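Start counting the sequence shown at 1; every next residue gets the next number (UniProt numbering).
Bear in mind the hints are in silico, worked out from the structure with no lab data behind them.
Bear in mind that the values here come from a model prediction, so they are computed numbers and not experimental data.
Among the clues, some could well be false.
[Said to hold, decoys possible] Label-pair ranges, simulated between beta-carbon atoms: (1) G90 x A37: 19 to 29 Å; (2) D231 x V194: 16 to 26 Å; (3) E19 x R99: 46 to 56 Å; (4) R221 x E150: 51 to 61 Å; (5) E196 x R94: 38 to 48 Å; (6) E59 x P134: 50 to 60 Å; (7) G112 x A197: 39 to 49 Å; (8) G112 x Q63: 30 to 40 Å.
Heads up, the beta-carbon is just placed ideally off N, CA and C, and yes, glycines get one too.
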Amino acid sequence: MDSELADIAVTLYTGSPTEFITARNARAADTDDPALAARIRALKKPSVAAWVVNVFAHERSSQLGEALLLAEELREAQADLDARALAQLGRDRRALTNRLAADAAELAEARGQRITASTREAVQQTISAAFFDPTAAAAVASARLVRELEPAGTFADIADSIVGGGAPDAPAVAAKPLDEVKARRERPDAERTVREAERTHDRVVREAATTDRALRDASVRVYELTHREQDLEAELAKVRRDAKRARGEAEKAETEQEALAQRVRDAEDDLRAARDALDGLANA
1 MDSELADIAV TLYTGSPTEF ITARNARAAD TDDPALAARI RALKKPSVAA
51 WVVNVFAHER SSQLGEALLL AEELREAQAD LDARALAQLG RDRRALTNRL
101 AADAAELAEA RGQRITASTR EAVQQTISAA FFDPTAAAAV ASARLVRELE
151 PAGTFADIAD SIVGGGAPDA PAVAAKPLDE VKARRERPDA ERTVREAERT
201 HDRVVREAAT TDRALRDASV RVYELTHREQ DLEAELAKVR RDAKRARGEA
251 EKAETEQEAL AQRVRDAEDD LRAARDALDG LANA
């Protein structure tokens with residue numbers, strides 16, 4: 001593979017997709033080697049999904065390396081692992097593929113590219129293809145994809161057509177653990193620990209949700225009762241003011257009543273005296 005052409009292709013395939021043709025032709029025009037210039041002009045414009053994967057492979061190579069390591073383990077697991085371990089690797093693959101596709105779409109959107117649901121699905125399918133086929137893994141890691149890939153496909157015979165700038169080299173992946181036998185033996189215990197932790201987590205989350213609802217209900221009740229308490233206190237204060245005023249009016253009326261009773265007694269005494277005087281005149 002021409003390393004110079006591959007480097008140029010990476011730059012073009014991770015640049016702005018809308019400016020690919022212009023950038024490609026300008027790069028070819030600046031090349032003194034006619035043969036290289038012709039090969040640059042022959043580079044095909046990538047699909048949007050392929051461009052998203054290229055940007056991710058170029059800028060997040062460590063994340064992609066994690067995915068490709070799991071891909072290699074998954075392929076080996078088909079022959080070496082039992083059904084339980086294989087199922088676990090499959091779940092890991094799906095979770096990692098979803099996360100990487102989401103990260104790739106987010107990275108592309110940060111560059112100003114609108115990513116549709118269909119493009120996001122194509123990105124996920126392309127990354128998933130790398131888990132099943134080593135040629136697809138190399139193509140994805142090259143950052144020179146021309147088009148998206150299908151997980152069910154085989155790519156060894158068409159490596160040149162799915163990337164620009166020459167067939168991709170095998171991707172570099174992280175080193176495997178030295179004692180894989182020990183790791184596989186210990187995996188069931190680790191899986192059991194994870195499941196127990198997940199059950200505990202789910203139970204605690206449910207309990208926390210129940211407590212949260214109880215707290216919200218209690219908070220609403222406190223709010224309602226506090227306002228009711230304030231209303232009752234205001235009403236009680238008014239009743240106390242009215243009672244105090246009524247007592248004052250009653251005391252005043254009682255005093256006036258006693259004075260009038262005295263006047264009535266005095267008037268009765270005067271009336272009796274007057275009658276006695278009249279009776280005395282009549283008997284004289």
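Here is what the structure says about each hint:
At roughly 46 Å, the beta-carbon separation of G90 and A37 lies outside the given 19 to 29 Å, and the hint is violated. Under the hint 16 to 26 Å, the C-beta atoms of D231 and V194, about 55 Å apart, miss the expected range. Between E19 and R99 the beta carbons are some 30 Å apart, a value that contradicts the proposed interval 46 to 56 Å. For R221 paired with E150, a C-beta distance near 58 Å keeps the hint of 51 to 61 Å intact.
Between E196 and R94 the beta carbons are some 22 Å apart, a value that contradicts the proposed interval 38 to 48 Å. Under the hint 50 to 60 Å, the C-beta atoms of E59 and P134, about 23 Å apart, miss the expected range. Roughly 41 Å separates the CB atoms of G112 and A197, a value that falls within the hinted 39 to 49 Å. At roughly 22 Å, the beta-carbon separation of G112 and Q63 lies outside the given 30 to 40 Å, and the hint is violated.
Comparing the model with each numbered hint stated earlier shows that hints 1, 2, 3, 5, 6, 8 do not hold.
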